[in-house]
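Residues per chain, in single letters:
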Amino acid sequence: MNVHDFLYYIILPILSISSLLVFVRFFKGPSIVDRVVALDLLITISIGIIAIYSILNDKPTFLDISLVLALIAFLGTVAFAYYLEKRNKND
Amino acid sequence: MIDILIYITSSLGALFVLLAAIGTLRMPDQYLRISVNTKAATLGVGLLLISAAFFFLETSVTTRVLAVIIFILITAPVGAHLIGRTSYFLGNKLWGKSITDDLKDKYNKSTHELRGHEEKDENEEESEPKS
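Respectively, the protein sequence lines represent chains C and R. By my numbering, the letter at position 23 of the first sequence is numbered 23, and the numbering carries on one by one without gaps. Basically my numbering = 1-based index in the second sequence + 91.
Certain hints may be false.
Straight-line C-alpha distance at most 20 Å; calculated SDA-like pairs for lysine to any residue [stated by the list, open to error]:
(1) Lys-130(R) with Ser-102(R)
(2) Lys-59(C) with Ser-151(R)
(3) Lys-28(C) with Leu-116(R)
(4) Lys-130(R) with Leu-67(C)
(5) Lys-59(C) with Glu-149(R)
(6) Lys-197(R) with His-172(R)
(7) Lys-195(R) with Gly-175(R)
(8) Lys-28(C) with Pro-119(R)
(9) Lys-195(R) with Glu-85(C)
(10) Lys-197(R) with Glu-85(C)
(11) Lys-184(R) with Gly-29(C)
(12) Lys-130(R) with Glu-149(R)
(13) Lys-130(R) with Asp-34(C)
(14) Lys-130(R) with Leu-39(C)
(15) Lys-59(C) with Ala-158(R)
Short, incomplete list of chain R residues facing chain C, as computed with Cβ under 7 Å [said to hold, decoys possible]:
(16) Asp-94
(17) Leu-109
(18) Ile-174
Hints are computed from structural coordinates only; laboratory data are not their basis. Glycine residues also receive a C-beta, built at the ideal position from the N, C-alpha and C atoms.
Next up, chain C with everything else stripped away, as it sits in the complex:
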């Protein structure tokens, strides 16, 4: 079993199972904060999947997308936190 098979048959299934578990929390989450946290974790897991995918396809260009996704995750979390707090303040 070489590196390619190991990543393809063991690491990628583990990552996809963990993203499925996070999806369960995303749909179940009692409050909106849970959903924001689950979305953040989902994007973080997808950064890991992109790293493994760039190894499998031997194309390091995909790593640029992971930087953009990290930026989007941070901005999304900050924007959600800011506006949820504002909404609570005005009530």
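Using the hints provided, position chain R relative to the given structure of chain C.
For chain R alone, kept in the frame of chain C given last:
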């Protein structure tokens, strides 16, 4: 040699990401979930990106990976703190078995400002001679 390093880092990274996902699903409280999301997922994704750096072994790829890791390490605690603060303002309850709540009665409800110990002591000293 490089293959062994890739095996180790990618296995540990996938394991930590899986633990983070299980923790997000199973933890009883929002604050505990935020804590899991910040620590375990950051470590796992950092290890997965390091395995990509080990595979390519080029300067451009390594700098890119380091940039992503440093960005995640900087922004994950900031985002977790902001969303935890918002969750506290929204009035989400702590887990029933939590022992202490250090922030209780320390936030001003209308202006959302944190009141420290020093300011509290000054106010008490000011109020004592008046009374």
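Next on the checklist: Could you work out which of the previously given hints the structure breaks and list their numbers from low to high?
Outcome noted: Violated hint: only 12; rest satisfied.
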